[in-house]
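Enquirer: Chain by chain, the residues:
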Amino acid sequence: MHSIIKTSFAAIVAAGITATAAHADAHALSGDLVIFSDMSNPAPRAVMEGMVERFGKMHPDLNIELTVIDREAYKTQIRNFLTADAPDVANWYAANRMLPYVNAGLFEDVSDIWEGEMSTELASTKGAMTIDGKQYGVPYTYYQWGVYYRKDLMEQYGLSEPTTWAEEKANCQTYLDNGIKCYTIGTKFLWTAGGWFDYLNMRTNGYDYHAALTNGEAAWDSAETRATFANWRELIDMGAFIDNHQTYSWQEAMPFMVNGEAASYLMGNFAVAAFREGGLDDSKLDFYQFPEITAGIAKGEDAPTDTFHIPSGATNKANAKAFLEFVVSADNQTLINNGENLGQLPVNALSAVDDDKFLNEGFDMLSNKAPGGIAQFFDRDAPAEMAAVAMEGFQEFMLFPDNLDDILARLDAAAVDIYAE
Amino acid sequence: MTNTASEFDAPKRGWYKRNEIAVTPFLFLLPGVFFFAVYVIYPVFQSFNISLYKWDGLGEADFIGLKNYQKLFEDRAFETSLWNNLKWLVLYLLAIPVGLFISLFLNQKVVGIRLYKSLFFFPFVISQIVVGLVFSWFYDPTFGIFTKLIGLVGLEIKGGVLGNPTAVTYGIIAAGLWPQTAYCMILYLTGLNSVDPEQVEAARLDGAKGWKMLWYVIIPQLKPATFIAFVVTVVGALRSFDLISIMTRGGPFGQSRVLSYYMFEKALSEYGFRMGYGAAIAVVLFLIMLVFIAYFLWSMYQEEKGAH
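Same order as they appear, the protein sequences are chains A and R. Sequential numbering from 1 applies to the first sequence in the working numbering. Sequential numbering from 1 applies to the second sequence in the working numbering.
So here's chain A without its partners, still in its complex pose (with noise of 0.2 Å):
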């Protein structure tokens, strides 16, 4: 009998150590802290390296063991480890992509940490990382998305950024009279017309409709939607889109715009890099965001964020936790998202955004003009399943619009099956 009490007081007093521990940072932690990245292109190697070796200068009894892992097989690898052999961090998505894994019991409720502070200075974030009231994971990082543009072209034609859809077509329509292309773009991996289509019916249907489509609250076959693909047929039908872009990744749709073949880009802000590197500076770059097409309605974004999770078999969730905060804090958030490291946005909102002309307009754009809201990206958005036939029947719709009836009909079929669930 004695000795039982004494061991639960033991752990009592155990359990509230490793507590205080977690929540601040000035005690120092030790044991282990196994992190399983994907950020393995240059950039966010250096970045995640550089966090690995500051948070070890902070707690040097700490031993932390980082394994960086190819972004794209880490896609496929996730689901092995996370049922084998857990690390105690791991890298993943927001949003729906998160959701398997959180249906799975494969990552861990991380609520806590959130409570208090974190929730506002994170706020813009928060929803991402929360399924049924409950967070499971922390950002790092998120872009906006736009409409890149050789401004030197849109200056040689007279144009000027487009904030309407008419004025978008005229523009479109001045590019072609001259032998350009209005858009590039590669589909050959199909996510890049998931971002096309986020955009139209976000400003066709509004915000609001796109999350219900994307949840399978609303039939694909609808006067909404149709509407939104008629738009889009538009542009299509005016030859608005480079040739052959279902034979090109997206990198590789990049020279069109870098030679001038093709006026502009509906990208992600990690474009910027690629295309200074392929030689256009700030006189020949810029960004607008996408136009107004039914009037009235409150613009959402894209914004996709990358996040940090504990899956549920960690061994070191206390070293995790503290990990995990000290990712979002608002000094390490200034630091590994500016123009040298990450070059894209901090997720806290204490932090300073680097003073780089993309970053701060998406910065404000994010902030200030996206009342409608912030949507994640197409497959983030909508279940994998649903994104991967969705996005194939978007390319299918770029190159035959007339099986637009049999595509519908297709993702209506298949939204019953995977929505059922």
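Derived by calculation from the structure, the hints in this document are not laboratory data. Quick caveat: nothing in here was measured; it's all calculated off a predicted structure. Just so you know, not all the hints are guaranteed correct.
Said to hold, decoys possible - Below, computed lysine to aspartate or glutamate pairings styled on EDC-like, alpha-carbon distance capped at 20 Å:
hint, chain 1, residue 1, chain 2, residue 2
1, R, K158, A, D237
2, A, K357, A, D281
3, R, K158, A, D402
4, A, K75, R, D242
5, R, K148, A, D243
6, R, K71, A, D417
7, R, K158, A, D243
8, A, K188, R, D62
Go by the hints and put chain R onto chain A.
Expert: Frame of chain A, contents of chain R only:
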């Protein structure tokens, strides 16, 4: 005399010693059988089992009976993949006659023939990934040499070979034929070495030449090579995956998928969480392969019987 007596007196030999000759072959077979059972036979049955469930690969699996198969029959993407598999099977067999004619052409004594032979064999040596990339450039709709060449005779394939839903599968098969033909060629080259010169001589005396010589004297002697070429080509056609993955990822909009790629997409890819459905596709692919496996086993059995 004494020797024989002492042998009878010797203590009885152990069970193994007595049965050594009968048992040893099985002992040697044991490791192979064990690994074959664990890595091939067991997963086959496991796939059958999984195909009866609705399972995302992570959480709980729900037993749904044959519903996955029922869905397959309504699934047009599955139908497309099945047809593409058939195209692969039929057109891939072209590798056999083409390989035969190249080997006949190369089977002569000229200075440097070894070099020519190795050049023809080269595509089989390089990785399928490289073959896929080379052909992707070859087919590129803007600067690809294939596009330029057919442009010279006034033809144009809309979207390029790999971007055109009708042409894409044929384009990939053509890429696959390049290394497969080299493989068949090398099989026939070795086969030609063992053609009996006396029979050729006799046939020549009887006045056979040209096509008749080939059809009635050479090809029958190449039967073992033809059999192996047929086996590897059929297997190669059914497991075509790497070229599709590297050249089109099943696109445009799924028109170049085959069963193996569709299974991968449904069960294991980035967006695939339908293990049960994927397993059902795998089972169908297995049943198709089973037809050929049964045929191969049967013909090998017949041959063995003939040999004894």
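Enquirer: With reference to the structure, classify each hint as holding or not holding.
Expert: Hint check results:
Straight-line distance between C-alpha atoms of R:K158 and A:D237 comes to about 16 Å, which keeps the hinted pair within the 20 Å bound. Between A:K357 and A:D281 the CA atoms are separated by roughly 11 Å; this keeps the pair inside 20 Å, and the hint holds. At roughly 16 Å between alpha-carbon atoms, R:K158 and A:D402 fall within 20 Å of each other, so this suggested pair holds. Note on A:K75 and R:D242: the hinted pairing holds, with a Cα-Cα distance of about 19 Å set against a maximum of 20 Å.
Restraint check for R:K148 and A:D243: the C-alpha separation of about 16 Å stays at or below 20 Å, so the hint holds. Proposed proximity of R:K71 and A:D417 is supported: the alpha carbons are some 10 Å apart, at most 20 Å. Between the alpha carbons of R:K158 and A:D243 the distance comes to roughly 9 Å, so the proposed pair stays at or under 20 Å and holds. This hinted pair does not check out: A:K188 and R:D62 have alpha carbons roughly 34 Å apart, beyond 20 Å.
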